[in-house]
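Model the placement of chain B on the given structure of chain A, informed by the hints.
First to last, the sequence lines map onto chains A and B. Heads up, the first sequence is in this note's numbering, so the first residue is 54 and it goes up one at a time. Heads up, the second sequence is in this note's numbering, so the first residue is 39 and it goes up one at a time.
These aren't lab readings, by the way, just hints derived from the structure by calculation. All residues carry an ideal CB built from backbone N, CA and C; glycine is no exception. If a hint is listed, it holds; no wrong ones were tucked in.
Have a look at the derived ranges for each label pair, beta carbon to beta carbon: (1) ALA134/A <-> PRO179/B: 52 to 62 angstroms; (2) ASP274/A <-> GLY60/B: 51 to 61 angstroms; (3) GLY97/A <-> GLY60/B: 32 to 42 angstroms; (4) SER131/B <-> GLY178/A: 21 to 31 angstroms.
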Amino acid sequence: MEHVCEIVDVCKEYGSRRNRHEVLHDVSMSLDAGEVFGFIGPNGAGKTTLLRIMCGLVHPTRGKVLILGTDLTARDARLPAGIGVLVEYPSFIPELTGRRNLQLLASIRGVIGLPEVDATMKLMGLDPANKTPAGRYSLGMRQRLGLAQAIMEKPRLLLLDEPTNGLDPQGVAELRTHIRHLADQGVAIFLASHLLNEVEQVCDHVAIVKQGHVLRQMSKDDPIPYHGFDLQVSAANDWSLVQQWAAQHQATLAQKEGTQSGTVSTAVSVPDALRDLIRAGVSIESITPDRDTLETTFLQAIQEEK
Amino acid sequence: MRLVRAVRYECFQMFFTKRWWGVPVVAVLLSVITAQGELGAYERGGYMGQYRLAFNAWDVVVRSTQTWLFLLVLVAPLLVIIVGESYLRDRSSNTMSATFPRVQSRTIWWTAKVLSMFIGAFVYMVLFSLISLVVSSFFYPFAWHFSSFQLHPELARKALVMFGGDNTVLVIREETPFLLLLHLLPYSTLSFGAYALAALILSLRVHKPGLPALLMFSMGLLEFYAAKSSLWPSLHSWVMQTRLSYLFVNQTSTPFLINGTPAYTLFTSVLYYLGLSILLWLTGNGLVQHDDL
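Bound conformation, chain A alone (with noise of 0.2 angstroms):
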């Protein structure tokens, strides 16, 4: 099956000959269509012109960019339809309204009118009828129109290069679930981030990029390691029925001092330590499984590189 978009070994190096500077580092993915890709980094990771490349204004140094069936790399390659972008701080024309703003770049293509505008627009959580001028909509709602414009030609290919900027916690809220949707209905969406979060609860795959080259790639479906659970159980004497577990089932305990509490790393999981604790009558407060998240392997992925 084609992907929607595929990324081979692309390199983009700024610069003269002499004082060349690399932005991006044989960096290669695929996005097939209903799945959500983070690209996530710090910033200056790259992120941001990768998402150029693959919109077509930035041509990459090396490398291939198949987006859509479309070879951009090729000599006088076009731009294929069907792609949606939103950038940080999105722009528009400051004096005229959020719809006409919608408007007239759905004018350019000339494939949708105005109740498609309209609809967008409701589904992005902004009044159609609103008169005030883009130039003094507040940063969260020109995110949401930059969002609208993305979407309202109905695109294959989403690319979001931090969308969650300006966005109140009720906001971030409801555009990951716009992004489950969009991915749902088959839109393959590059998501460009640097919040772990953000990424974590959206994305189908993670890449973790730092200076141009991708550390890592993790897809949902992977094994998540497990090194055990926190344990928090309510009297001393419970503590030392949790020692006796763990001496059973070679299970390392940290206590934390002065606390009934502490880290086992073991195997064993979350489920059948608490059958068999129950069972040894241990009278338990908490217990939390000890997985890696996002935030721990982008660390961990970090300090390796280091």
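Frame of chain A; chain B shown alone:
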């Protein structure tokens, strides 16, 4: 069709900028300088009445839109700031990520930009001429014909000699001011459009806002002073040989004659600017295909 719609969007972006307020400011300034300075001095000299010559509003309009120094150091650089910096505004405002995926082709995108330069130049000159005409009417009477100073160049020349200046008189072939405007506007649109296009091409490589306008302004100023001065002989001769601005604003293809010496016709001028514009379009298109936007 996509090209037409892309041009329309470019024009909306271009016209909705506060920089257009610079047009009335400069038009008023130049009209007042012309009316009170140059023409006012002739009147105050008292030689005009001696030959029964009088000015009207059109004298101010013609001079404020055709004086070389004004054109090179004020009118044309302001056009660059308003119209020619369109690409730099796109870059700084992040709008290209919304427009380019819709336009889909670098050639169409560039062609739309180029065409918007000429539309911008046309609107700029129409606004400039109209504002100049309105301001001039406060200093000299409005009429549907040219002034006696303009209609009798021989007498005007004699008056200027008595005044002590050179006897250079701008002779206009057109019978009425409206015919003049009818000829002037296409000429100005093409010449100023080409000028703005040159600045646009410059901005493809020089990404600092204001710098293309500054470079064009410096070029105009340098040419004006170097052509008049002999302080730096080598610079003077270089400038006189190259005269870059002749490419744009002094390729005298208007119906104007300087002391009766004909230069080019409007037809040859249009051909010249079309050729120059195609050359500039090709140059820019080559850069746009190769460069990052």
